[in-house]
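These protein sequence lines map, in sequence, to chains A and B. For the first sequence, the residue numbers in numbering that gives the first Met the number 0 are 0 to 393. For the second sequence, the residue numbers in numbering that gives the first Met the number 0 are 0 to 393.
Hints were generated in silico from the structure; no laboratory data involved. In this text, a Cβ means the ideal position worked out from N, Cα and C, and glycines have one as well. Incorrect hints may appear among the rest.
Stated by the list, open to error - Under 8 Å between C-beta atoms, here's a sample of chain B residues computed to sit facing chain A:
{"#": "1", "residue": "VAL222"}
{"#": "2", "residue": "ARG352"}
{"#": "3", "residue": "MET390"}
There are 2 protein chains.
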Amino acid sequence: MSSKAVLIVCDGMGDRPVRGKTPLQIAETQNMDSISKEGINGLMDPISPGIVPGSDTSHLSLLGYDPHQYYRGRGPFEALGAGMELERGDVAFRANFATVDDNMNIIDRRAGRFGHEELAKVLNMNIEGVDILVRHTVEHRCALVFRGKGLSDKISDVDPHEEGKIRKCIPLDNSEEAKRTAEIMNKYIGMCHDILRDHPLNEGRKLPANIILPRGAGMYKDVERRFRFRSACIAGAALYKGVAKFVGMDVLDVEGTTGRFDTNLISKKRAALKALEKYDFVFIHVKGTDNVSHDGDLEKKIEMISRIDRELMDGFVDLDSYVIITADHSTPVSIRRHSSDPVPIAIKGEGVRIDDVSSFDELSAVRGGLGRIRGIDLMPIIADFMGYYEMYGV
Amino acid sequence: MSSKAVLIVCDGMGDRPVRGKTPLQIAETQNMDSISKEGINGLMDPISPGIVPGSDTSHLSLLGYDPHQYYRGRGPFEALGAGMELERGDVAFRANFATVDDNMNIIDRRAGRFGHEELAKVLNMNIEGVDILVRHTVEHRCALVFRGKGLSDKISDVDPHEEGKIRKCIPLDNSEEAKRTAEIMNKYIGMCHDILRDHPLNEGRKLPANIILPRGAGMYKDVERRFRFRSACIAGAALYKGVAKFVGMDVLDVEGTTGRFDTNLISKKRAALKALEKYDFVFIHVKGTDNVSHDGDLEKKIEMISRIDRELMDGFVDLDSYVIITADHSTPVSIRRHSSDPVPIAIKGEGVRIDDVSSFDELSAVRGGLGRIRGIDLMPIIADFMGYYEMYGV
């Protein structure tokens, strides 16, 4: 007999106390608290204590794949999240459309947040046997893939990550592959500028999208699926869709998911409840909590958490499946960046050891029945509850 | 923005209950309790649960360097702690001056606790291309270094660790290097005896320092620094200075620090507060708690802990930096040896999640917001609080 499960990950929801209380302690969270009360609680280090997780490494870990083994840079996740299909050996990047002057000085790293499918399309080409594929996603963002033999992801970013001159791509190790990939990249960037400079869509623009700035090179390697059940992902932002696809989940298109504060949580909830008819495991990602944390906006964070509780979590408190609520890392509003502070986790469902914790927050959690666990432990725990376990030994 | 931190490690302070209470529970610890109350608490396994830490491996771990990767025997730490400079490939030892009779039977492993700089100096020599360097430290103790090509630390101790005949040094693996190093050691020990036997400083002594007994061979390998902030160490005993130097910390000379029960804690406190003007991170080591534990002296342990609280900790309770108090391992007075019982840890400072724990002791700690962590996790946690973090992924 096996059961189903819903994993809800609120990005950057963990925090530190501000005037004595964390946002989770302040927000209206009766539904999350009900999961805590009827479930088992703990603290979770997405990677390990003291290590500050990126969103990519953290999600790999939370979905059951050790980033130390599987993480090869962000590029592949962005490309997969943009809907591109990848092949083993592809080197993928995330990239921005940007505006440069004639001396390759960056005027705007985001080309006034402008980008276009047509601008991406004209950048597809083949250089020295390497197929180069570009896909526009939202605003100024796109994903870029190099496909061919003898490539390497050990190359530097073209994107300088700040205004200034664009960077020449250089090899980061002594291999022939890195040298060649960097050379092709530099050739390619020059050609992009030549093509985009005179493109009709840029005509008359104050901040024309006249170059792309790739970063986060990563070589794609397909992953052997670890879990045998059918899994689906509901997320707004490309990265999370990409990680989910990378580990073999189906990525569902859900209307109104934006990966921002304004995402439609009710739409996500409905899609998840519907997906549970077909899938055994549904992963819901909510990005808004992280965005407002990076802005240092305590009020908005409290509001977002309260809204998640009211508009999303209410659909799962009485669900006859396992319900897991957690965050992928803390993003304290006081420091406006990811931190290593562990996140609370609560698991509700048939047979879990119900502990005394009745509030879903960073301080109550550690007194729960799970103690302090790591992100990589989460999926095996869920899989075992669901009945899809693997025994080690006999 | 970054902050500073003080880490106070009381050696062997952790214990087991004696008639229902641990020394930490009995002692007067209002200042430690105040750190607990205003901070976050937890239990820490210096290495991992059930593993009994040595002071060397434990400190490596607590300072952020995995001993499984960096530990190569105690010798290098003793040599560094004695103020010697080491080069990659050096094999270092700790050694005692000792008294032997003409048949090389040991009369006193510590030569009546006598040793002398001049006696060390005459033992410097070169044998078969290997430079041999000796440095006297305190009483009968010295550090010894073999420097040259083709050496190995896979050799046995000359010190038998008890009265009896001195041991012949033998290679511990099949390598040519180990064979050669052992041969040179045996030659060297014979020559030491010849030189020391007739040395004027030994004249008329009942227990002449007429030999040295090396032990704890370890090959030195320089370590890449893990943390970017400026760090200083305040310690009395050579080992801890050595570990600190090994990992790239500045070792401060502080008057009155003895590495014993009688150390001047007020002097340590003042030195640490002053060091914080120049350094970002100050590590204070107190040895006395361990010494009295090895003696099985409960009263003295309680007295030492109370004194640490009164004379040292009072300087840090209101400090505007992170303050961390812990131990490097437990040394229960009931068993007079190190044990694997985890130690309490409390961290106070800006933004920490203040938990309900208000007493700094082994039983209260585990209910705190840190749960149970490992020694190797400590420095990344502190570094993240300080603002010197590295993100894994993006």
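Hints broken by the structure, by number, lowest first?
Number 1 - this is the single hint that the structure violates.
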